[in-house]
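Construct all of the structure, not just a fragment, from the sequences and the given hints.
In terms of the working numbering, the sequence shown opens at residue 1 and continues consecutively.
Worth double-checking, as some hints may not be accurate.
Stated by the list, open to error - Cβ pair distances, simulated, as ranges: (1) Asn101 <-> Arg52: 33 to 39 angstroms; (2) Ala33 <-> Gln10: 16 to 22 angstroms; (3) Thr89 <-> Glu25: 34 to 40 angstroms; (4) Glu118 <-> Ala35: 16 to 22 angstroms.
Unchecked claim - The calculated EDC-like cross-link candidates involving lysine to aspartate or glutamate, where the alpha carbons are at most 20 angstroms apart (straight line), are: (5) Lys29 <-> Glu57; (6) Lys100 <-> Glu25; (7) Lys29 <-> Asp39.
Bear in mind the hints are in silico, worked out from the structure with no lab data behind them. C-beta atoms are modelled at their ideal positions from N, C-alpha and C, and glycine is treated no differently.
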Amino acid sequence: MPAQFQILPQQNLVYVRYSGVMLVEDSLKAFGAYAQHPDARPGQRHLIDLSRITDMERDFARIMQLQATKAADLAMRETETLMVYFANTPVSLRAAALAKNGWSASQGVIAIVQESEEAAMQALGLSFDRFDDLLQTSLRDID
1 MPAQFQILPQ QNLVYVRYSG VMLVEDSLKA FGAYAQHPDA RPGQRHLIDL SRITDMERDF
61 ARIMQLQATK AADLAMRETE TLMVYFANTP VSLRAAALAK NGWSASQGVI AIVQESEEAA
121 MQALGLSFDR FDDLLQTSLR DID
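Dropping the structure here:
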């Protein structure tokens with residue numbers, strides 16, 4: 001699946017990983033599944049890993065529709081949401097810039113782009129250097 005998410009309750013974090021071609025439909029499905037998930041909570045930070053995308057949909061009207069859908073849900077939570085986009089390739093940087101620019105602080109979303117895993121972790125206040133370390137530790141904590 002091109003868009004997958006994991007909720008890491010111990011870190012108050014949602015980790016989202018995209019791969020292949022980034023499509024609006026996949027994003028809508030993943031965000032809808034997250035919004036319905038029993039572990040979804042207001043104020044969860046979001047780490048969006050775009051490092052594995054190879055291309056992105058360029059239907060900007062649909063992309064804005066996606067942002068509006070997300071904004072409507074997040075705005076109802078009355079809590080700021082930090083979105084950290086990890087992008088380290090030209091295509092992922094374009095996708096991250098488009099996503100970041102679709103948010104405003106008035107929507108309750110603070111969005112930033114980081115080009116290294118370590119910088120993304122620091123922005124989230126996490127003491128890991130790599131996403132795999134974060135995910136492995138979180139899986140051990142669940143067991």
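| message | Against the range 16 to 22 angstroms, how does the distance between the Cβ atoms of Ala33 and Gln10 compare: consistent or not? | response | Holds: the Cβ-Cβ distance is about 20 angstroms, inside 16 to 22 angstroms.
| If you draw a straight line from the CA of Lys29 to the CA of Glu57, is it 20 angstroms or shorter? | Distance ~15 angstroms between Lys29 and Glu57 Cα, so the pair holds.
| request: Assess, step by step, whether the Cα of Lys29 is no farther than 20 angstroms from the Cα of Asp39, and give holds or violated. | output: Answer holds: Lys29 to Asp39 is near 17 angstroms, not above 20 angstroms.
| query | When you take the CB atoms of Asn101 and Arg52, is the distance between them in 33 to 39 angstroms? | reply | The hinted range 33 to 39 angstroms is violated for Asn101 and Arg52, with Cβ atoms some 22 angstroms apart.
| Within 34 to 40 angstroms or not, the Cβ separation of Thr89 and Glu25? | violated (22 angstroms)
| field | Straight-line alpha-carbon gap Lys100 to Glu25, limit 20 angstroms | value | holds (18 angstroms)
| said: Can you tell me whether the CB distance of Glu118 to Ala35 sits inside 16 to 22 angstroms? | reply: violated (30 angstroms)
Comparing the model with each numbered hint stated earlier shows that hints 1, 3, 4 do not hold.
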